[in-house]
Amino acid sequence: MSNAAKATAIDPMTKLADSTTSVPPDTAGEAFASAAGPSALLRVVYVGLLVLVLAAPVIGLYPVFVMKLLCFALFACAFNLLLGFTGLLSFGHAAFFGMGAYVAGWCIKSAGWSPELGIVGGAVIGAGLGLLFGLVAIRRQGIYFAMITLAMAQMVFFFCLQAKFTGGEDGLQGVPRGKLLGLLPLETDIVMYYVVAAIFIGCFLGIRRIVTSPFGQVLKMIRENEPRAISLGYEVDRYKLLAFVLSAGLAGLAGSLKTLVMGFATLSDVHWSMSGEVILMSLLGGVGTFLGPVIGSGIVVALQDTLADKVGEWVTVIIGAIFVVCVLAFRKGVVGEVHAYMERRRARS
Amino acid sequence: MEIFGIPLQAFLGQLMLGLVNGAFYAMLSLGLAVIFGLLDIVNFAHGALYMLGAFAAWIMLDQWGVNYWFALVLAPLVVGTLGVVIERTFLKHLYGLDPLYGLLLTFGLSLILEGVFRYQYGASGQSYPVPDLLSGATNLGFMVLPNYRAWVVVASLAVCLGTWFLIERTRLGAYLRAGTENAKLVQAFGVNVPMMVMLTYGAGAALAALAGVLAAPIIQVSPLMGSNLIIVVFAVVVIGGMGSILGSVVTGLGLGVIEGMTRVFYPEASSVIVFVVMVIVLVLRPAGLFGKEA
Numbered sequence: 019m020s021n022a023a024k025a026t027a028i029d030p031m032t033k034l035a036d037s038t039t040s041v042p043p044d045t046a047g048e049a050f051a052s053a054a055g056p057s058a059l060l061r062v063v064y065v066g067l068l069v070l071v072l073a074a075p076v077i078g079l080y081p082v083f084v085m086k087l088l089c090f091a092l093f094a095c096a097f098n099l100l101l102g103f104t105g106l107l108s109f110g111h112a113a114f115f116g117m118g119a120y121v122a123g124w125c126i127k128s129a130g131w132s133p134e135l136g137i138v139g140g141a142v143i144g145a146g147l148g149l150l151f152g153l154v155a156i157r158r159q160g161i162y163f164a165m166i167t168l169a170m171a172q173m174v175f176f177f178c179l180q181a182k183f184t185g186g187e188d189g190l191q192g193v194p195r196g197k198l199l200g201l202l203p204l205e206t207d208i209v210m211y212y213v214v215a216a217i218f219i220g221c222f223l224g225i226r227r228i229v230t231s232p233f234g235q236v237l238k239m240i241r242e243n244e245p246r247a248i249s250l251g252y253e254v255d256r257y258k259l260l261a262f263v264l265s266a267g268l269a270g271l272a273g274s275l276k277t278l279v280m281g282f283a284t285l286s287d288v289h290w291s292m293s294g295e296v297i298l299m300s301l302l303g304g305v306g307t308f309l310g311p312v313i314g315s316g317i318v319v320a321l322q323d324t325l326a327d328k329v330g331e332w333v334t335v336i337i338g339a340i341f342v343v344c345v346l347a348f349r350k351g352v353v354g355e356v357h358a359y360m361e362r363r364r365a366r367s
Numbered sequence: 067m068e069i070f071g072i073p074l075q076a077f078l079g080q081l082m083l084g085l086v087n088g089a090f091y092a093m094l095s096l097g098l099a100v101i102f103g104l105l106d107i108v109n110f111a112h113g114a115l116y117m118l119g120a121f122a123a124w125i126m127l128d129q130w131g132v133n134y135w136f137a138l139v140l141a142p143l144v145v146g147t148l149g150v151v152i153e154r155t156f157l158k159h160l161y162g163l164d165p166l167y168g169l170l171l172t173f174g175l176s177l178i179l180e181g182v183f184r185y186q187y188g189a190s191g192q193s194y195p196v197p198d199l200l201s202g203a204t205n206l207g208f209m210v211l212p213n214y215r216a217w218v219v220v221a222s223l224a225v226c227l228g229t230w231f232l233i234e235r236t237r238l239g240a241y242l243r244a245g246t247e248n249a250k251l252v253q254a255f256g257v258n259v260p261m262m263v264m265l266t267y268g269a270g271a272a273l274a275a276l277a278g279v280l281a282a283p284i285i286q287v288s289p290l291m292g293s294n295l296i297i298v299v300f301a302v303v304v305i306g307g308m309g310s311i312l313g314s315v316v317t318g319l320g321l322g323v324i325e326g327m328t329r330v331f332y333p334e335a336s337s338v339i340v341f342v343v344m345v346i347v348l349v350l351r352p353a354g355l356f357g358k359e360a
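Residue numbers (this note's numbering), protein chains in the order written: chain A, 19 to 367; chain B, 67 to 360.
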């Protein structure tokens with residue numbers, strides 16, 4: 019079967035992570051070329067969101083909810099680093115998130131580590147696991163990559179189900195927040211909130227830096243045209259592997275933060291449906307944009323939170339339906355559509 | 067008599083169970099391969115369609131008293147029709163796009179199907195009785211063979227071979243293979259390709275449903291039975307490669323047996339052994355055992 023031939027025949031505009039090919043403002047240096055217009059608006063949006071994040075507890079938003087949202091936003095951003103900017107669809111990111119959550123929880127609760135060490139531990143485990151996954155999965159491309167990561171994540175799920183330290187079906191409960199660096203009492207929601215917000219903003223800027231760096235440019239080249247990148251002499255597999263490890267490490271960090279915030283880590287963190295959720299967050303918000311995953315995770319988490327008590331079992335159905343609608347009619351996602359609209363308007367004027 | 071310290075009876079029993087599981091892997095990965103060949107879509111909903119097949123049989127028996135043998139024909143027909151509807155309403159909009167979109171769309175569909183059934187029937191399983199004709203067991207002297215399990219292996223092998231014959235040895239199959247290579251050219255020769263694509267997806271769905279009906283008396287019929295299986299089948303597909311029909315049948319059966327053997331000698335690893343094999347194969351032979359693509 020000539021699937022390889024078919025894959026190359028696909029119009030680049032229809033590639034999964036196409037938002038940035040047609041929509042420059044959010045990425046790379048192009049934004050600076052047109053200081054007015056969309057990029058000015060973008061700056062307003064960024065500042066607005068920053069103010070919203072910093073002021074959230076003051077204006078009466080429930081801090082634990084916003085913290086949970088930020089954890090998932092970080093998770094989605096980490097995932098998007100891989101799908102949006104490298105063009106690799108991982109269907110196994112729950113493994114990094116969930117293992118990060120478990121390991122951080124275990125380190126803090128059972129081994130008595132301080133919270134900052136626990137979080138670092140979760141991130142390191144995520145990255146290490148990402149290295150293992152990456153070494154195997156990058157041997158195949160496209161759709162196989164997705165299937166391999168899904169299968170390996172299932173392996174991690176079964177490991178967590180059977181291992182002693184995860185608490186099996188019960189999960190890890192009652193993980194104490196402790197004191198950050200022995201100083202800041204994280205048990206107070208407001209302190210915890212600003213720590214989470216700071217970590218999130220730091221990671222978000224870090225991801226932006228990675229993508230706009232020369233390394234990030236190579237990643238985008240791999241996404242757009244892998245054979246070309248190879249012919250130009252880049253060791254594509256190394257770049258892919260590093261991107262995978264970075265993404266997995268950040269996902270592990272997101273998982274361990276989540277454990278610290280919520281106080282528990284359970285099997286649902288490492289289940290394949292979590293991998294599906296993070297894909298949905300990126301897709302809904304806009305694959306290959308910086309803000310997309312943040313917006314997408316905001317929508318999904320808010321939806322789950324409001325729907326959970328009203329419709330119960332139907333949440334899965336609704337999530338599935340959003341998936342279908344997104345793929346059929348909304349492939350650019352919220353941010354991508356806004357970009358496209360701005361582009362069209364600019365082209366007209 | 068003992069083999070490696072395991073009673074022969076238990077050993078052969080697990081071997082048989084492994085063959086049964088392998089038969090399901092074979093049937094499902096076969097359907098995945100056929101659909102992927104023509105539609106360029108990895109059908110995540112395959113597990114959900116398998117679950118639908120089992121549920122269709124169970125509902126038919128529970129509500130209208132339709133027996134197993136009629137269900138064996140009717141359930142695949144119903145689910146196959148649903149497959150045609152799915153192809154016409156959803157999948158046909160995705161042709162020419164990155165295949166990853168197909169995976170995501172069918173993932174969404176399987177969430178919907180599973181969610182609806184979980185709402186309706188709960189997460190626990192329903193039991194489906196073994197048909198009278200196949201109940202009981204035959205004593206082969208060296209082991210007691212449950213009749214139904216033997217039937218499952220024989221029936222699914224027959225179905226797999228039939229599919230192989232249809233695709234590799236008939237005119238319709240030749241169109242199908244030609245469509246896999248170059249759909250535009252085949253259409254230029256006057257073959258109704260969209261119709262062929264639609265029926266292929268329907269047939270793949272029917273095949274999954276048939277596997278579901280066959281599985282119904284052995285396992286609990288539950289809304290989650292499909293998603294647990296489909297991930298293993300994905301690993302099987304990665305190991306075997308989707309290029310060869312007989313390859314996927316052999317891989318499916320082989321992995322079922324390996325899994326059965328693991329259950330005998332090291333039960334803790336039985337749920338992950340297929341994934342471990344996948345990793346080993348990928349390290350040694352990245353293209354898969356029968357794969358042609360890079």
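I should point out that these hints are in silico values taken from the structure, not numbers from a laboratory.
Any given hint could turn out to be false.
[Claimed, not checked] Covered stretches of chain A, going by a simulated chain B footprint (3 or more residues, C-beta under 8 Å):
{"id": "1", "segment": "90 to 98"}
{"id": "2", "segment": "274 to 287"}
[Unchecked claim] Partial list, computed: chain A residues near chain B (C-beta under 10 Å):
{"id": "3", "residue": "Y64"}
{"id": "4", "residue": "V65"}
{"id": "5", "residue": "S128"}
{"id": "6", "residue": "A129"}
{"id": "7", "residue": "G130"}
{"id": "8", "residue": "W131"}
{"id": "9", "residue": "F176"}
{"id": "10", "residue": "I336"}
{"id": "11", "residue": "I337"}
As the structure is a computational prediction, the values presented were derived from the model and not from experiment.
Yeah, the Cβ is synthetic: ideal placement off N, Cα and C, and Gly gets one too.
When the hints from earlier in the document are held up against this structure, which numbers fail? 1, 2, 3, 4, 5, 6, 7 and 8
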